[in-house]
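Q: Given chain A, work out where chain B should sit, using these hints.
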Amino acid sequence: DVKVTQSSRYLVKRTGEKVFLECVQDMDHENMFWYRQDPGLGLRLIYFSYDVKMKEKGDIPEGYSVSREKKERFSLILESASTNQTSMYLCATGTSSLSEQYFGPGTRLTVT
Amino acid sequence: GQNIDQPTEMTATEGAIVQINCTYQTSGFNGLFWYQQHAGEAPTFLSYNVLDGLEEKGRFSSFLSRSKGYSYLLLKELQMKDSASYLCAVRVPNDYKLSFGAGTTVTVRA
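Protein sequences, first through last, are from chains A and B.
Start counting the first sequence at 1; every next residue gets the next number (our numbering).
Start counting the second sequence at 1; every next residue gets the next number (our numbering).
Isolated chain A (complex conformation):
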């Protein structure tokens, strides 16, 4: 079974803080993705990575950066958290054959 884990299920941070969300997968998948999910808006892609040290912007990259130093690990960084970044963050992985994506349990981030 594919296992995708995220560093925290719930996180509360203050405005202006730097926030790290980490995702780890154990299936040797090439592709990793960070989404945020908000009511009425669905899942929106923030960034994705198709290889180590490779990254591409998704639909809403502003205010975020990512890091992929190892194949199994993909980090999402909020350089200076703002209240409009309060959301559910979901990590996903997939293979290069473009089959379905596997999701982690999500991190519910609240910025106060």
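Fair warning: there could be bad hints in the mix.
Not everything, but these chain A residues come out facing chain B in the computed CB check (under 8 Å) [stated by the list, open to error]: (1) L11; (2) G16; (3) F20; (4) G40; (5) L41; (6) L43; (7) Q101; (8) F103.
Straight-line C-alpha distance at most 27 Å; calculated DSSO-like pairs for lysine-lysine [stated by the list, open to error]: (9) A/K3 - B/K81; (10) B/K68 - B/K57; (11) A/K57 - A/K13; (12) A/K70 - A/K53; (13) A/K55 - A/K71; (14) A/K3 - B/K68.
Okay, the calculated bits of chain B under chain A, using three or more residues with CB under 8 Å as the criterion [as the list claims (entries may be wrong)]: (15) 48-62; (16) 92-98; (17) 101-109.
For the record, the hints were derived by calculation from the structure and aren't laboratory data.
Don't be surprised by glycine CBs; every beta carbon is placed ideally from N, CA and C.
A: Only chain B this time, still in chain A's reference frame:
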């Protein structure tokens, strides 16, 4: 950008059938996915259609018409545990990512 539409909410009775429609307008097409997401949990994969027609998997079936830009997910013999959000997602050619609709929340009532 890609445009994927599905109804916001649906309600049905236990044991009944519900059909969730999804229409898409995208720059090409390379597969349509359905995911189920229970409240507070991660989405889990339900089905994948890349050719026209019906794919059946137990109580769940998914249909695709590429010429109409249309898919539906059919849930039969509804159970209380089927209460969840159902997400439609499309992949376009030469792209790693999926574009998701906003999701349809299905409530099953006794």
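Q: Evaluate each hint against the coordinates.
A: Okay, the hints, checked on the actual structure:
1. The interface hint given for A/L11 is broken, as the beta carbon of that residue sits about 15 Å from the closest beta carbon of chain B, more than 8 Å.
2. Among the interface hints, the one on A/G16 is violated; its C-beta lies about 28 Å from the nearest C-beta in chain B, farther than the 8 Å criterion.
3. Taken as an interface hint, A/F20 does not check out: its beta carbon lies about 20 Å from the nearest beta carbon of chain B, beyond 8 Å.
4. For A/G40, the interface hint holds, the least distance from its beta-carbon to any beta-carbon of chain B being 6 Å, beneath 8 Å.
5. Annotation: A/L41 was flagged as interfacial toward chain B, and the flag holds, the nearest CB pair being 6 Å apart, inside 8 Å.
6. Hint status for A/L43 relative to chain B: holds, with the closest Cβ pair at about 4 Å, below 8 Å.
7. Because the smallest distance between the Cβ of A/Q101 and any Cβ of chain B comes to about 6 Å, under 8 Å, the interface hint for this residue holds.
8. The beta carbon of A/F103 comes within 4 Å of a beta carbon in chain B, closer than 8 Å, and the hint placing it at the interface holds.
9. Simply put, A/K3 and B/K81 have alpha-carbon atoms about 23 Å apart, close enough for the 27 Å limit, and the pair holds.
10. Pair hint B/K68 plus B/K57 holds up; C-alpha atoms about 23 Å apart against a cutoff of 27 Å.
11. Of the supplied pair hints, the one linking A/K57 and A/K13 holds, its CA atoms being roughly 24 Å apart against a limit of 27 Å.
12. Of the supplied pair hints, the one linking A/K70 and A/K53 holds, its CA atoms being roughly 8 Å apart against a limit of 27 Å.
13. For the hint pairing A/K55 with A/K71, the CA-to-CA distance comes to about 12 Å; that is within 27 Å, so the pair holds.
14. Among the hinted pairs, A/K3 with B/K68 is inconsistent with the structure: their alpha-carbon atoms are about 36 Å apart, more than 27 Å.
15. Under the rule that three or more residues need a Cβ within less than 8 Å of chain A, the assignment of the segment 48-62 of chain B is violated, with 1 such residues.
16. Under the rule that three or more residues need a Cβ within less than 8 Å of chain A, the assignment of the segment 92-98 of chain B holds, with 3 such residues.
17. Coverage of the segment 101-109 of chain B by chain A holds. Counting CB-CB distances below 8 Å, 3 residues qualify, and the rule asks for three or more.
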